[in-house]
Structures are given as C-alpha cells and as structure tokens.
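Need the complex rebuilt from these two chains, each delivered in its own frame; the hints are there to steer you.
Chains as they are written, first to last, in our numbering: chain A, 1 to 299; chain B, 1 to 292.
For the record, the hints were derived by calculation from the structure and aren't laboratory data. Fair warning: this is a prediction, and the values are worked out from it, not measured in the lab. Here a beta-carbon is modelled for each residue, glycine too, at the ideal position from N, C-alpha and C. Take these hints with a grain of salt, some might be off.
Unchecked claim - Which stretches of chain B does chain A cover? Using the computed rule of at least three CB atoms under 8 Å from a CB of chain A, they are:
1. 74-87
2. 150-156
Unchecked claim - Heads up, simulated DSS-like pairs for lysine-lysine below, C-alpha to C-alpha not over 27 Å straight-line:
3. K148/B x K262/A
4. K200/B x K112/B
5. K146/B x K50/A
What the hints assert, rightly or not - Facing chain B, from chain A, some residues (calculated, C-beta under 8 Å):
6. V34
7. F114
8. I122
9. L126
10. V176
11. V179
12. P213
13. A239
14. T260
15. Y266
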Amino acid sequence: MSTYRSKHSLLKFYYVLFIAPGLLIYTAIIVFPVFFSVYFSFTEWAGVEKARFVGLDNYKRMFEDTVFLHSLRNNIIIVLVSVLGQIPLGLILAYVVYRKIVRFGQFFQAMIFFPVAISAIIVAILWNQIFAPGGLYTSIIRALTGDPLYVVQIFENKTFAILPILFVILWYYTGVYMVIFIANMRRIPESLVEVALIDGANEKQILFKVITPQMIPVIFTTLIFAISGSLKSFDLIFAMTGGGPAHYTEVIAIYMYYHTFKYYEYGFGSAVSVVIVVLSLVFILFLQKYFKKLEKKYA
Amino acid sequence: MSTNDNIIYVSGKLSRFFIYAILLLATLFYLFPLYVMLATSFKTLDEIRIGDMLAFPQFFTLDSWVNAWGKSCIGVECSGLKGYFLNSIKMALPAVLISTILGALNGFILTKWRFPGHTLIFGLMLFGCFIPFQSILIPMALVLGKLKLAGGITGLIIVHITYGIGFTTLFFRNYYINVPTEILNAAKMEGAGFFTIFLKIFVPASLPIFMVSIIWQFTNVWNDFLFGVSFAGGKNYPVTVALNNLINSTTSGKEYNVDMAAAIISAAPTLLVYVLAGKYFVRGLLAGSVKK
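Okay, chain B solo, but in the shape it has when bound (with noise of 0.2 Å):
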C-alpha cells in the first residue's frame, strides 16, 4: 500500500518536472526572439556581421535607434518611421473614438430601446465581426475611390471605424443587456430623455466596457496592415506599412540593427497597452467567446 502511495507520489513529483521542463522551455521560446530583437538593436553593424546572434551587445549604441526613428530610408523618402507612426496616431484616435461611441450607441438601442428589425441588425453586425478581410477588399477600394478617399488617412479611418462597429456593438449590448431595464423606465418616468439616459445612467455605468472596446479597438487598427498597404499610399502609409517597406528597402544594405530598432518603435504603442491594462485587453478577446 505505502510503496504504492510511494509511486504514485514519485510519478507524480516526476511529471510534475516535466511540466516545469517544458513551460520553461516555452517561456525561453517566446522570451529568446525579444531578447535577440532588442541585443541586435543596440549592436553596431560590424558587431552584427562578425558577432553570435545571442552575445550581449559590447558596443552599446542608440545609433540605430536614432535612424529608425528619422534617419533611414523607406522607399525613395530618408526620413524614418516618424512621421508614419504620426499617421497611425491620426488614423488610430479618431477610428478608436468614433467606433466606440457608435458601439456604446448600438449597443444601449439593441438592449434598451429596441426597434422592429432589431435582431436582423444585431445580426448584420456579427456577420461583419467574422467576415474575412479580403472579401470587402475591392468593393471596399471602388468605394473609396468614388468617395475620393482612395490613398488617404481620413479613408482609412472610415474603413477601420466601419469594421469596428461590429466588434464595439457586440461588446456594448452584451454589456447593457445586463442593465436592469427597470433602471430605464424609472428615469423615463421622471421624464429623462435619451440623451439623459444614456449619458448620464448608461455611459458612467460601463466604463470597464468602454476600457475593453478602445483597448481592442486601439491594438487592432495600429497593428492592422492589409487595410494599409490596400488603401493608403506613399506618405500616408501607417506605420506597420513603413515598417514592411523599411526591412525590405533595398537603397541600403541589410542593417539588421535599424530594422530591430525600428520594430521595437513600432510595437510600442501596443506592447505598452498590454502591460498597464492587460485585463481589459483579455476581457475583448473574451467578449466574443465566453458563454452566455
């Protein structure tokens, strides 16, 4: 009996080593290309050329940096990523904002002031969340060329507020369906109207909501690039577009450390989110997936 309790403890002591063997693995599988991205960064080139892809930079420099950032070439323009990464934040606010408004507008009519015709709607808004990309790609650029938006930021904003309202909707009316109605017809009673309701009931009660819509909203359209390298053009690109045509930029050699530098500027902006509100940016992904 004991020596049996004996193998089970020991088997299990056992596996439970594997497992650790393996996360650890894992964690060193996803720590070791950041850790390489960020050493080359630093590096010189010549440290690059002639130096071990794991060795700690020994010439610690920021050149790289300052070139990603101003300095290096894309395409025939020698001004680094900055004034792409300027678009992102002139394409990414105005998308971000609008698109959660128009959701949390969406959302509190579907659950709360509900229409004929209210679940067809819903509905077409789904569809939209899980339709692929590239199946709205041309219509999408005869629109924009008819409105004269082609080539554009504000064109760009319009095509990612668009595709996000379906996902801000469904984050908003799964949040308000939850919202007692009682709460609305009590304000109706001491005769608040719409706007009243909504700004003054609604809105302050979901802000975590509006947190998870901007935070998605945010990660999805600065990390987007088949929107951008479709519908921009020249030097209204975003920034992962410029990132793509930097790396492959043929003017200059291979200069592995810029490259790295300018990845890293680029992944900032989201990376940072995810650190200070990693909560809200799990709850989005959730929001389409957790049972109700």
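Extracted from the complex, chain A is given alone in its bound form (with noise of 0.2 Å):
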C-alpha cells in the first residue's frame, strides 16, 4: 500500500516536474502578457517613467486619427480578399485536383503551394522587383497600353496603393487552402461521389451540391486562419512597402509597430493591439454563428 502510494506520488511529482516548465514560460509570456497589454492600454507609457492612467484617450486618439482608420480600412480589404478570393480560389483549385480532372494535379499543386515554404520577408523582395520603377509590371502595361512612357504609379494613389499588395497575398496564401481543402476532400466517403455521378450529375454540381456542403466545417476552420491571418499580417507589407508611400499601405499591425518602437508610445500600442484581438474575436464570434445555422441547415 504504502509503496503503491509513494510510486503513485511520485508519478504526480513527474508530471508537475515536467509541465511545470512549459507551462510557467508559457503563462508569464504569454497568457499573463495579454490581460498586460489591456491594461497597459488605458495608461500613458513610454517604458521608463511610471505608467499614468488616461482612460479611453489612447483608444479616442486612435478613432480620430486618419492613419489609423485608412490602415483598418486596408485590413478589412485583406480579410475580405482573403475570404472572397483566397478561400473560394483554394477550394475550386482542391477540387480539380481531388476530381483529377486535369493530369500532373500534384505538380500543379507542389507549385501553388511552395511560396509557403518562404518568408515573407523574400516574398515581398520577389515581387517588389516586379513592381519596382523598371520592372515586369511597368513593360507588361506598356505594351497593354501601347504608352512606352508608362512607369508604375500605382502606389502613389491612395484608394489604389494597397492592390499589389492584395495581388501578392493571394499568391502567397491560396495554396494553404488549396492543400487544406484538398485533405480534407480525400476524407469524403467516395461513394457520394460516385452516386451522384450515376445520377447524372455534372462536376459543377458535384462540386456545390456534394462536395461544398461537406466542407462547411473545414470552411469555418479556413476563414478563422484567413481572418486571423489578415488582421494580423505585418511581415509581407512591412518588407514590401513599410506601410509606405505616405501610409497609403499601412495596415494596423504596421501602425502599431511604428508606434511602439519608433516612438516608444507603450499605451498607444498596446491599445492597437488590444483593438487587433479584439476585432478578430468579433469577426469569428460572427461567424461561429452564422456556421452554427449552416451546419444544422446540412446536417
């Protein structure tokens, strides 16, 4: 009995001895850190003095800035990209590599996917030569539009700037999805392929009656990433524009940066940051209702 005991306390002294590390990292870099960044958020702070407490005014100052509000506006841009062009783009491209419809869907899929592989860093430095002054960009309007003197302007409008971007987020992420998706068709049971062929079904059909209602839950999975993702994206935009030219491209995280360890504005930024978490918990609440009524309307 008593060995048993001491044997099974023992036990109990490995698994505290052993998650014990992990967890107290994990709890003072992490968990503590954003309840931190909440409260840091409602206080004047540049890191040295004492924090002074000022209420909403970092999040008043944030709401009457016009850098602010074009950079949420650039966001919401992203996510809806993201969602109406990554998602949907990633899903088709799964099915024709599911359905084989074409040959060689594996090489087509080993390239859509390996920009994965690479930062975003390189990413940025890949396209920027293509939208650089003498780049691919400005030769292919030119002959489009037949004016040799064209050079790139794009990124001097304000309405506009953020559009390379968009173009290179898409390139950049819809092989996730693809591959994702792609998985996840390979667990559909067969048979309901194979019957509603027999009934005459067309791939069209196949793909929207058969195969999409299958993948709501995976959909939902994929719009978390992708809004997570787009409320969050700094690397790719920081690398290729640095929120530039006159924060035309500037999206929060960026503005948050700035900043935050430009201007070692501590409150301001984690204000920022509090609006970036909380924006994406409102935005998948949302949505985890909305997908809670379409799962029941399929199940």
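Structure representation (structure tokens):
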C-alpha cells in the first residue's frame, strides 16, 4: 500500500515537474502579457517612467487618427480578399486536383503551394522587383496600353496603392487553403461522389451540391485562419512598402509597430494591439453563429 | 440523342481546355518571379540596367552571390549575410529542439497522465496558437528587458520556444490521443516508470509527428521577421531581418543582383526542407484544420 502510494505521488511529482517549466514560461510570456496589454492600453507610458492612467484617451486618439482609419480600411480589404479570394480559389483548385480533372495535379499543387515555405520578406523582395519602376509590371502595362513612357504609379494613389499587395497576398496564401481542402476532400466517402455521378450530376453540381456541404466545418476553420491572419498581417507589407508611401499601404499591425518601437508609445501601442484582438474575436464569433446555422441546415 | 452527347463531350473538352489554360497560367504566375530572381542574381549590374528583366543572363557571374554572402553592407557593417545566417542557425536549432521536446512531453501528459485541469491547460495553449503576435509584443519586450535578454539571441530562442509550444503540444496531443491507453497500462503493470514509458514506447511510436513538429517549427522560426526585428538588435539579427536591411541599405546604390542572391540564400534552408520533406510539412499545416 505504502509503496503504491509513494509510487503514485512520485508520478504526480513527475508530471508536475515536466509540465511545470513549459506552463510557467508559457503563462509568463503569453497568457499574462495579454492581460497586461489590456491594462497598458489605458495608460500613457514610454517604458521608463511610471505608467500614467489616461482612461479611454488612447482609443479616442486612435479612432480620430486618419492614418489609423486608413490602416483599418486596408485591413478590412485584406480580410475580404482572403475570404472571398483565397478560400473560394483554394476550394476550386482543390476540387480540380481531387477529382483528377487535369493530369499533373500533383505538380500544380506543388507549384501553388511552394510559396508557403518561404519567408514573407523574400516574397516581398520577389514581387518588389516586379513592381519596381523598371520592373515587369511597368513593361506589361506599357505593352497593353501602347504607352512607352508609362511608369508604375499605382503606389501614388491612396485608394489603389493596396492593390499590388492584395495580388501578392493571393499569390502567397491560396496554396495553403488548397492543400487543406484537398486533404479534407479525400476524407469524404467516395460513394457520395459515385452516387452523384450515377445520377448524372456534372462536375459543377458535384462541387457545389455534394462536396461543398461536406466541407462546411473545414471552411469555417479556414475562415478563422484567413481572418485572424489578415488582421495581424505585418511582415509582407512591412517589407514591401513599409506602409508607405505616406501611409497609403499601412495596416494596423504596422501602425502599432511604429508607435511602439519607433515612438515608444507603449500605452498607445497596447491599445492598438487590443483592437486587433477584439476585431478578430468579433469576426470569429459572428462567423461561428452563422456557421452553426449552416451546419444545422446541411446536417 | 447522339448529337446531345456530342455537345456535352465537346463542351467538356472545351472546359477542360480552359482549366488547363488557367492552371498553366497560374503555374507561370508562380514560376515567373522565381525565374526572374534566379536570373537576376547571375547577371552583372550593367546587364540589369540596360537589359530585359526576363532575358537569360548573358555574362553569367557568381559575384553577387559572393558579395551577398560575405561582402555587401548591412547598415555600417560590410561583411554580408553570413554572420546573420549563422545567427538564424544558432537561434533555430535550440528553439526547434526544445519546443518539440516540451511539446512531446506536454502531449504525453495531456493525453496519458491526465491531472485535474488538463483541459484548461490545453485550452490556454490553443489560445496561444491563435493570438496575434502583436498583442504580446510589448509585454514580452518588457519581460525580456527585465531578464536582461533583450537584444540577444537567447531572448529570441526563449520567445520562439514559448510561442512554439502551443503548436507542438497540439501536434503531439492529437497524435498520442490515438495511441491506445492499454499499452500504457500494460507497461505500468510491468513496473515501467514515466521516463521508460515515454522514451521506450511513445517516442519511437511517434517519429513521424516529431518530423512534423521539427519541420513546422523550423520553417516558422527561420522565416520569422516580427520577433527578430522587435527583440534582437545589431549583430544579433536573424537572417530575415538582415536581408531586409541589406535590401534597404542606402550605403551603396541599388544592387538588384546582390539583393536577389541574398534572398535566395536566406530562403534556401526552408525551400530545401520543403523539397525534401514536403509531406511532413503539409501534415503540420493540416494538424490544426482536419476535422478529428
């Protein structure tokens, strides 16, 4: 009995011993800081002196700043492009590979997926050379418009400066969704597709009537990826344009970075980060509600 | 009837043609920037200035590769990427190994040695996978500052380990949950302890998921930019940050060929991993998204 007991408590000791370090650093560096951020967001603080409580001032200042509002607008456009571009494109491409509609499906898959393995900084460099003044984009527009003097101007337009970035975002991430969808399509019982084929359904009908309803939970997961990913997007745009020119391509994460690490406004930066988290949560909760309904409809 | 069939056949053929055309365009669209990058890195500056971006290099040269690796200027320092490349290795190896081992232990405990509150702990770890980096940036900077680790590689290693634990725990937990508990009980009956069971039974049974975890972590740690630019400084920057600084360096004129060579050098490790072990790479990506 006593040996059993001591052995038992020894085991307990082991798991405390092994889970403790992971958990401790984890709480100290991730969980705890999140709550800290919320507190800082109500203060004015440069990191050295004592934080001064300022109530909602940071938030007020943020929503009165046109740079912030334009960044927010850019973020929302990126969310839309991810949700309405990457995910449907990924779904259709996945279907083409899954149903073996074309040969060399594996090759196409590998091609569209490979950018995922490279850093956003490299992707930015890759595309910047194409959007550079003497770059490929200029040559294409020159050829299309027949204007040999055209030089790239799109970045000088406040409304459209974000367009090239959207294009690159589509290039960079569509493969991720495609691969996720392919893997999940392969889990659908083949008999479902076979029955539909016997009933005379064409590929379009199979995709929309048979496959897509089965994919609803996965689509929900990819939507969460797309939304939270879009709201925190930083690296790619930071390396492509740094948010410029004149903040035209800035997004909230870059806005936060500048205010925090360039102007040392820790309180204000925290408030911006809180907005990023809250926005993600609101989007996700909203989606969850909508998808519960969808799942009921198709279940 | 037969004409009808013919129409369907033809329209099927036509739409297939369209699909091929679109996919080929897509492939070009993907290969193109890569080709330009590679071609530019082998050209001389003169050729780049006067020539066509798409043209094949005429005077094939490796100079820009040599410069990118050991000579070009990043800030005021003119010794190329090599030191920073080494930083990334020094950062990635411990970060990947430690976060994977901790993830394996966590997964093992969370599925087979459960204790009160284990779901809460797992929930907290999942929370860490989805939380935007930005919300922990400032407090993390303060913690690292307090620990006197700000600006150094050790600090970056700790940050990557912590941020990675959520993912590695998820991988191993989802894997170990399918290992039958009977195996564990049988081993316990024979008197095997925690370590023996973990090392002799669970580790050998989970080599594929070790691969997944290592590859996932390596790709993420190597490609990270935000943590590097926020928490490291000067000579301790990882290669991604150094690369960005090299490109934006104003000390010399714009040297596209060096920029491109530097970008390829920085991308080489993860591209190699993708080519050699793409299968595991995809599995890591799926771990969070495949319905269990």
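For each hint, the structure was consulted:
no., hint, result
1, 74-87, "violated (count 0)"
2, 150-156, "violated (count 0)"
3, K148/B x K262/A, "holds (21 Å)"
4, K200/B x K112/B, "holds (15 Å)"
5, K146/B x K50/A, "holds (15 Å)"
6, V34, "holds (6 Å)"
7, F114, "holds (6 Å)"
8, I122, "holds (5 Å)"
9, L126, "holds (4 Å)"
10, V176, "holds (7 Å)"
11, V179, "holds (6 Å)"
12, P213, "violated (14 Å)"
13, A239, "holds (5 Å)"
14, T260, "holds (6 Å)"
15, Y266, "holds (5 Å)"
Consistency with the previously given hints fails for numbers 1, 2, 12, ordered from lowest to highest.
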